[in-house]
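Student: Given next are the chains, with one letter for each unit.
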Amino acid sequence: MTKPKKQKSKLRGPVPYIVLWVVVLTALFSALLWGTNVKVLNPHGLIATHQLSLIIFSVVVLMVIAVPSLFLFYYFAWKYRETNTKVAHESENHHGKWWVFWVWAIPCAIMLIMSVVMWIATHKLDPMRAIASKNKTLHVQVIALRWKWLFIYPDQGIATVNFLQAPVNTPIEFDLTADETPMSSFWLPNWGGQLYAMTGHSNRLNLMPTTKGDFTGASAEINGAGFDGMKFTARASSQADFNKWVTQTQQSPNILDWVEYQKLLQPSENNVAAFYSSTAPDMYDNVLMKYMGSHNMGAHSTEHE
Amino acid sequence: MKEFFLGRLTSQSLPHEWFTIGGSAFFGLAALFFIVLLTVTKRWKWLWKEWLTSVDPKRIGIMYFIVAGFMLIARGGLEALMMWLQQAIGSSNMPGFLGASHGYLSSQHFQEIFTAHGNIMVFFVAMGFIFGLINYIVPLQIGARDLASPFLNTLGFWLYVAGVVMVNMFFFFGGEYAATGWLAVAPLNGIQFSPGVGMDYLIWSLQISGIGTTLGAINFIMTILKMRSPGMGLWKMPAFTWGSLCSMIMAVTIFPLLTATLFLVFFDRYFGTHFFTTTLGGNAMMYTNLIWMWGHPEVYVLVLPAYGVFTEIVATFSRKPIASYTTSIIGMIGVSLFALSVWLHHFFTMGAGADVNAFFGLMTMIIAVPTTVLVFTWIATMHKGRIRYTSPMHWFLGFMIIFALGGITGVMLGVPPADFQFHNSLFLVAHFHSNVIGGVLFGVFAGITYWFPKMAGFRLNERFGKYAFWCWMVGFSLSFIPMYILGLMGATRRLDTYDAATGWQPFYICMLIGGCVIALGVAFQIIQIIASVMEKKRLHDYTGDPWDGRTLEWSVSSPAPAYNFTTIPHVTTRDAFWEMKKQGIAKPQYEDIHMPKNTASGIYISIFAFFAGFGFVWHITWMAIAGVAGAIVCAIIRTFDENTEYTIPAAEVEKMEKARLQKEHEEYGDKPANTGPEYDMTLREFIITVVTWAWSVVRRKQRQA
Amino acid sequence: MAETTEAVATHEQAGALTPEHEMSHEEAANDRVMFGFWVYLMTDLLMFSVLFAVYAVLHANTVGGPGGGQLFSLKQALIETLILLTSSFTCGLGMIAARKGDKTQVLAWFGVTFLLGLAFLGLEVKEFAEFVHEGHTLSSNAFLSSFFSLVGTHGLHITSGLLWMGVILAFVIKRGLNKHMVRKLALLSLFWHFLDIVWIFIFTIVYLMAFTA
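Chains as they are written, first to last, in our numbering: chain A, 9 to 313; chain B, 3 to 707; chain C, 61 to 273.
It is worth saying that the hints were derived from the structure and are not from the lab. Hints are all accurate, no fakes.
BS3-like mimics (lysine-lysine), calculated; alpha carbons at most 25 Å apart, straight line:
(1) Lys238(B) with Lys584(B)
(2) Lys244(C) with Lys228(B)
(3) Lys87(A) with Lys386(B)
(4) Lys386(B) with Lys94(A)
Please model the complete structure; the sequences and the hints are all you need to start from.
Tutor: Shown next, in the form of structure tokens:
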């Protein structure tokens, strides 16, 4: 093997190929994405809409620093290649006095902008924050079970499994907990972000659908073998349709008493939607209390004088 | 009686499913192969003396690489391919095979696979490679002969191996691994929801190797702070050593947290305590906090040495010193400090409230600053440099865009309300893989390629290195860009099956294709090593300085002698070797060298530790007690041994050096003309050589018969 | 230690000792080991801090059962504290003797330390046994789990310390008080004092605060 085997590439090093690959990827995935339903980018709820604006804002701000930096990175990597005789190469660094300042100041400035927006948005979009609206709030209590979602409508007296209906433009106040189930996460991406449902705790999540339709929700936190089947359908309808649905459900032959609830507590997967015309009183609170008893404070000491 | 001796082990624990039978058979055959090979070539003593009981950090480093590489391919990578395949065919409109409802893996099995994949990749692949690099290179960079405690070094390595064995034990006994996700959140990790032994295997493999890591971290810190050559102040250390120091200080801070937390989970499962249970006062959220207080800094433990590697590579291959040493190092220190303050960003969705979430969001924003500063210093280093596109440089150029993507998405994830839409989706999975693969793994590959000539005495075939890089680059993009998109489409992580109506399948199929391209990249890396060995003579490193390097490790021969330096060098500047080259290298002077003796105590202690863990997993009380007691006894025997060193007198050193140089000259002669990368073996030549060799073996066997 | 002095002598003769390299090989090794042991103690402290944090979060979760205020005997805890503090003092005296090279004094003072440590353990085991006998085990509720784990881990460390102490004293009897043994005693005393400090925290946070809540 005495002669060199590979011609020097005309494109001079890997940088042009990296750039080319990025272009190809963008084209490829734009094509793949055509006509698909990207839920997070297609909000149908008030909170999801705000979240999308926030995401777009962060992307734009980060691009302001990322694009020039990456451009400079790859441009220098290509321009100052050894074989390029048209530029001056140096063997020592000569940067101006202010270089260190700018190197720290620019990222700090970007992160300052991000932090301020983040701080404000975190408080504005706190899931516990009630949504202001002239429409009356709908209360839904959610109990994560293995491996299905139980929805209790305390004001309407009905309950459902793996199905949820609500009128559009009505704020919904979800109270989330779980029973005999590891930590689960209630996620309905079209309406807004997720929140954990955990035994012994009640988490408050406020969402509001803004367009009619059927949407899918899931558990985003693994909670056992049947986790991937723990999906539910959320239907946003007109107020009239919602009222009709409530009346219909109130005539269902199924009743969610504690006997029926015990059956629900048994692990099952891929449950079909179920509808109950009534529930045992204070079901959600009782489920919570089941675990709350374990947290009560011990009696005060008697030795203390 | 049987219960006393065997605990909860029964005949049902033995392999009886396709994957346990397959896995046991594979490991069994592999072990058999090596036993036969060693016996036939009569190399048992050599293996024991030169490698297994060695306390030489160079030997230990290479052993780390071998074990980590093996775990990458045989377990972590294979599991990734299995998951990609399942998800590509797991759509609800497709049939199920081998008992699965869709695809070929049941939900339970799939969950065990991704749990194992996460544990193995973080603890046994990434940590293994990083420890290997630090072991080999840091002493050479700081002008030391060895680490501060050679015994702790070998002990740490063998405890790591015990963890590796433990994580593979379920193939032989038990047939199941944890199905909880790699960090096993409570209460899913408790006895109520994970009653099998799988979770116990997770606990003990992580616990045993975690203790090894803590000991190793203490050792590295002692070495870097106490054993630098005279004149090398902290502010003159090479960047890789700084990255390693920051990483190890973080490691020593966080691994005790993991040790304690794993003990608490163990107590819950073994003794029925109520730390993280749902009843009788347990607090599962506390586990989440504790485990992530370990978990987040851990990823920085992994990436800081990679930052160090890339800083060295960009400086060497731009033929310029790093643009602003002080700024880079402060950047690395900044990253380490803030890494300890961001952990809650892993569970913004647990409901801590806006103030708490916003605080941790703020901390997450802050940590982006020093990272960006590091990037700027790399850009400035290349500015007006004289850049050479060697394969380590290729890895660096690929790293930047992938890691940038990971970093940008990381800041996006750090905004709590946005995170409510990203958390536990595939967007998150794509983000951290961008950082771990693009940052840590590419950094490891770059580092191994860069320092390979120093370690082996010959450089790697550049051609296959570049093919491997491109496969990883293309494969990674095809595999993980769709993941970002799927996350935005509402796909959560850890799904083995999904509704066909979601339209997710084409993206999963793209991911599988990407995975296959990555596998091709790994194949090229293996070919690269084999081809380089084949061309060892032509690729020989004649000067010890194949890249025209800047730091001290390039001042010794390749491979370095057992004692690293004949004389501890006296250093006056940063980039000490660059300065030495400018001044002209002095004639070697000889001094007495104190060397540590080999020891098998690391092996013995780890064997006992392994059996202690195994005893705890299967509730075999006598084994657990014997394991702990045995480990303690062996430790006592070793620490009370006062004869752990030997001395090589100066005259002897001189003789050894001269003999070594003589032997090298005889074997390799003068440097030939065809050593450049343009003469490297091509793929066609490799295939022809391999086929010819295989054919000649067959012909020889035929003639013998 | 003839081998070491010989090596040191040749070291200097070879003229390769650079001016900054002040310490001899042996001194440098000692320095490293002491520093490394401090780092190890910090890791141990971090492990304890997890147990303290867990205790802080869970100590009120008694699920209707008795809390620390009802169960603990402040008198006994105080006695345990005094025993441990005294043992630290005797350990210190033993260390002074070790640096002086006085083998008999070393055996005497560390022997006393050992006995005091044993007494401490005995009292602690008695406390645990009483609780278990009354039905308050570590699986009763989260408070008891965290109590037994925190105090028990400290007790396990004391046990390890006693084991270590016993082995060193046995070797001192057998090999005499050489430099290696002195170094080991130095490390052991660091460990022993560290455990004493952790106990002060336990006494305060677990026992004292149970009566002030």
